[in-house]
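Q: Make a model of the complete structure from these sequences and hints.
Chains as they are written, first to last, in the working numbering: chain L, 1 to 115; chain C, 116 to 228.
These are computed hints drawn from the structure, not numbers from a lab.
These numbers come from a predicted model, not from an experiment.
Positions of the beta carbon are idealized from the N, C-alpha and C atoms, including for glycine.
Be aware that a few hints might be false.
As the list claims (entries may be wrong) - Computed Cβ-Cβ distance ranges for the label pairs, DEER-style:
| no. | chain 1 | residue 1 | chain 2 | residue 2 | range |
| --- | --- | --- | --- | --- | --- |
| 1 | L | Arg96 | C | Lys172 | 18 to 26 Å |
| 2 | L | Glu15 | C | Asn143 | 37 to 45 Å |
| 3 | L | Lys58 | C | Thr212 | 16 to 24 Å |
| 4 | C | Lys129 | L | Gly53 | 49 to 57 Å |
| 5 | C | Ile166 | L | Ser3 | 26 to 34 Å |
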Amino acid sequence: AQSVAQPEDQVNVAEGNPLTVKCTYSVSGNPYLFWYVQYPNRGLQFLLKYITGDNLVKGSYGFEAEFNKSQTSFHLKKPSALVSDSALYFCAVRDRTGGSYIPTFGRGTSLIVHP
Amino acid sequence: DGGITQSPKYLFRKEGQNVTLSCEQNLNHDAMYWYRQDPGQGLRLIYYSQIVNDFQKGDIAEGYSVSREKKESFPLTVTSAQKNPTAFYLCASSQLTNDYEQYFGPGTRLTVT
Numbered sequence: 001a002q003s004v005a006q007p008e009d010q011v012n013v014a015e016g017n018p019l020t021v022k023c024t025y026s027v028s029g030n031p032y033l034f035w036y037v038q039y040p041n042r043g044l045q046f047l048l049k050y051i052t053g054d055n056l057v058k059g060s061y062g063f064e065a066e067f068n069k070s071q072t073s074f075h076l077k078k079p080s081a082l083v084s085d086s087a088l089y090f091c092a093v094r095d096r097t098g099g100s101y102i103p104t105f106g107r108g109t110s111l112i113v114h115p
Numbered sequence: 116d117g118g119i120t121q122s123p124k125y126l127f128r129k130e131g132q133n134v135t136l137s138c139e140q141n142l143n144h145d146a147m148y149w150y151r152q153d154p155g156q157g158l159r160l161i162y163y164s165q166i167v168n169d170f171q172k173g174d175i176a177e178g179y180s181v182s183r184e185k186k187e188s189f190p191l192t193v194t195s196a197q198k199n200p201t202a203f204y205l206c207a208s209s210q211l212t213n214d215y216e217q218y219f220g221p222g223t224r225l226t227v228t
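A: Here it is as structure tokens:
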């Protein structure tokens with residue numbers, strides 16, 4: 001079984017400050033992890049993914065995420081937030097073992113960046 | 116939203132009517148998916164398909180039907196049996212490997228009154 005938790009429904013940050021959107025996961029084996037962003041009334045856009053190798057993954061729009069196996073976490077980060085980063089962010093996981101290609105999504109975290 | 120189109124963007128129907136949402140992809144992806152999104156509930160999987168003429172129920176398939184007659188197309192019909200059809204519907208596609216991300220369409224907002 002696989003699951004994802006995004007413990008914060010909403011994150012507020014001032015423009016220019018660093019931001020973190022949290023994600024923890026549970027899988028039977030090892031995970032493939034993904035972050036997506038959704039702007040209002042739009043589909044989800046892929047930001048980045050962890051497959052293997054370096055625990056720090058860099059993605060689109062200056063975002064990065066750190067894979068921490070011991071804490072089963074994959075938090076999304078950005079050094080300096082922009083107002084235009086305000087959106088809904090989804091974390092997703094697939095288990096490497098078991099064969100299913102169906103990902104499990106978190107409930108989403110609304111990021112609000114204040115000017 | 117590149118490579119996947121959904122139409123229409125907004126759809127209004129009267130209660131008791133069936134309605135079909137279109138989803139087309141030109142990414143040559145084998146797998147296609149339909150999700151429903153309601154405020155505060157994230158994404159819920161309705162149906163998915165990994166090959167033409169084959170599809171599987173997701174977590175909330177009741178009241179919905181799909182077809183996959185072509186690799187590029189995966190239309191979703193919301194039937195009158197669906198009790199709360201008003202929602203934002205998202206179509207996605209991907210390769211059939213676990214490390215591959217999904218590509219999403221722009222969504223269709225369905226309102227049933």
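Q: If a hint holds in the structure, say so; if it does not, say that too.
A: Right, here's what the structure says about each hint:
no.: 1; hint: L:Arg96 / C:Lys172: 18 to 26 Å; verdict: 24 Å, holds
no.: 2; hint: L:Glu15 / C:Asn143: 37 to 45 Å; verdict: 40 Å, holds
no.: 3; hint: L:Lys58 / C:Thr212: 16 to 24 Å; verdict: 22 Å, holds
no.: 4; hint: C:Lys129 / L:Gly53: 49 to 57 Å; verdict: 53 Å, holds
no.: 5; hint: C:Ile166 / L:Ser3: 26 to 34 Å; verdict: 27 Å, holds
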